[in-house]
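Chemist: In order, the protein sequence lines correspond to chains A and B. What the first sequence shows, in the working numbering, is residues 2 to 557, in sequence order. What the second sequence shows, in the working numbering, is residues 48 to 197, in sequence order.
Source of the hints: derived by calculation from the structure; they are not laboratory data. There could be a bad hint or two in this list.
Computed footprint of chain B on chain A; a stretch qualifies when at least three of its residues, placed anywhere within it, have a C-beta under 8 Å from a C-beta of chain B [said to hold, decoys possible]:
id, stretch
1, 88-97
2, 176-185
3, 190-204
4, 216-230
5, 397-406
6, 443-450
Positions of the beta carbon are idealized from the N, C-alpha and C atoms, including for glycine.
Here's the letter readout for the chains.
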Amino acid sequence: MNAAQLGVVAVALGLSVAVVLLARVRGTRTALDFQLAGRQMGVLTNACAICGDYVSAASFLGVAAAVYAAGLDGAWYATGFAAGFVPVLLFIATPLRRFGERSIPDFLARRFGSEAVRLVAVLVVELIILAYLIPQAVGGGLAWQLLSGASLPGLDPYGTGIVASTVLTALLVVIGGMRGTTWNQAIQFVVLVAVLVWLAAAMVSQGFSYSGALRDANETVLTRPVVDSAGAESLEVVTSQLDGEPALFGRPGARYGAIGHFALVVTLMAGTAGLPHVMNRFFTSPTGRAARMTTVWVLAFVGLFYTLAVMLGTAARSIIASKAADDPWLAELTVDGVLRVPEHALLSLGRLYGGDIGLSVVTTGALLAIMSTIGGLLLAASASWGHDIYERYLNPRATRAQALKAGQVAVGVVAVGAAMVAVGLDPSDVSASTPSVVAALVTAAFALAGSTLTPCLVLGIWWKRTTATAVIAGMVLGAVMSVGVVVTGLAGLGLAGAWQTPTIVIGPLVSVVIVVVSLLTTPVAGIDGIWVRLHGSANDRRSERLTRITLDTGVP
Amino acid sequence: MDAQADPGDHRGELTVEGYASFHDADTSAEVDAAFRSQRRIAVAYCTFFLLGVLGVAAGTVTSSWATTDRVLGGFSPSFLMMAIGLYIFFVIIGLAAATLANAVDDRMMGASSLPTARKIFRSRLGDRQAVPNNGSVEQAVLGATERPTG
């Protein structure tokens, strides 16, 4: 890494540190400040922060990689990731914020009046956070490996990237809390979009035509590098899952059969509503209506982001093959013009159109995407361990300082745990069965979320009869089934391909179990009061009136 | 439910903060009615949303026209929807549903709070200010509340 490259990375990371320090000036005095920024985040700020939280390595590197590797099939990742916020808007955001509380386990425990629900939900939330953290760390390792090659003692460059991105983010979260992390995520998302816009503009200014590239790519037979027993590399034609013919970029079937398309989209759509680090952000909105309008802005912002990501994935398929022969740097990453690691697609475009600085800009974008998501995940872990376990069970008389400290310690422990698992994971172990390793691992986290928390949240919010016993049964069943499918799939023992997207089966099954068990058990007491709190708007009106009068009169 | 605060006339006169926290609560009946309307909206828009997304998926895997025809340069109908069209569709659905849901909130909740507000307002301000009959409580309170200078 030369001085200019180092400068780009240093400026971006310095900006993150400065934001956190500025936020710290405003103070993080209580656990509520640390976990929820005092519930005072504005609509646009929170929308950008949610996007920063949501747009992870899977989106920044993974979507372009999936389109590059699997064409039309890969584009479903972008559609599914973006579509997930429509159910959030329709069913979750407003009631979740109106009910209040600090975390998803807290919400479920209060809604169902059950501490057992809280404990099971904490375990499920931690499983989802761990499943989501690992691919972020893997993405950090891959990006650093390509940018620098430098390594810490005892680690290779891949491991160094994992440790550096995770530890740095954990420190920023501990120092800045939710307020610092929110501003960082918002700014980081703006930077990510700016990086994609710059890359697209650079390509267009040098004659790139999206429509023309697609015309060329549509009928391209997809290939992937393989290594034979003697260690020689060659290209293998990808076979369509639909008709057994060679797969084409512009046709379905490169990765998924007919059912697989639906399974992927359903898993991503359902999973978004169950992601604790994203749903926690709605608690930081001042009102339920603000949470609703925040989600509308999120839909617009993620739409812009994924539109660009799909375009760049298509561009990579068209451009990299033609440039690889003439570019020694690119030739090292490719086999006969096809990238060995699809996640290098966006990074390669950065290098091709911006030289070393361009590579640094895109790599920095990847690191920022990873850091903003890791930040959100660590805060969610902090809320569930610090608030739901420490303050509730381990030290019910905790002082504000002790509660704050517990949340910060939780951040450190979860970060170290995820980094250790990621360092031990070899991405090449699963690369053969997925269009993008990072996107596929994140999809497994979506599958877990969509099979456990989403049915509980939707039914708990919209069906009065849902009971505590039923949601416990649903969460346990969903967790056992989805973890079982994913783990056996990763080990190569599961159903081919299905391990990534089991929510299409498990989600409805869990919902049926919740309904049946609810009908067989005693309804939650005091449901009318709970319903007023979930769906009433009195607190919104008071908050809006106070804001209006304060603005009108100038009374602070 | 949050406990409703006293109007907060801590300094011998109606304060802005006190007014803002006057007894404003939703009744169970109006919340239930609003909830049913919101549920209808959510289910209707979700059905429309699923038809759109899964319709594109179904078209992609079952119809060769969707992936072989070209509708805009090199874009096939499926690729055009997945690259651009569906994101616009999501924003339109989200905006329409949010606008309708906000309108339902405004129309169906809070009506029972106005008489309570008037009652508190009258008890606090007495004859100093006429209580409006047309619902403009905010204006009356703002008129009666001393505006700060500077």
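Chemist: Report the numbers of all earlier hints that the structure fails to satisfy, in ascending order.
Modeler: 2, 3, 5 and 6
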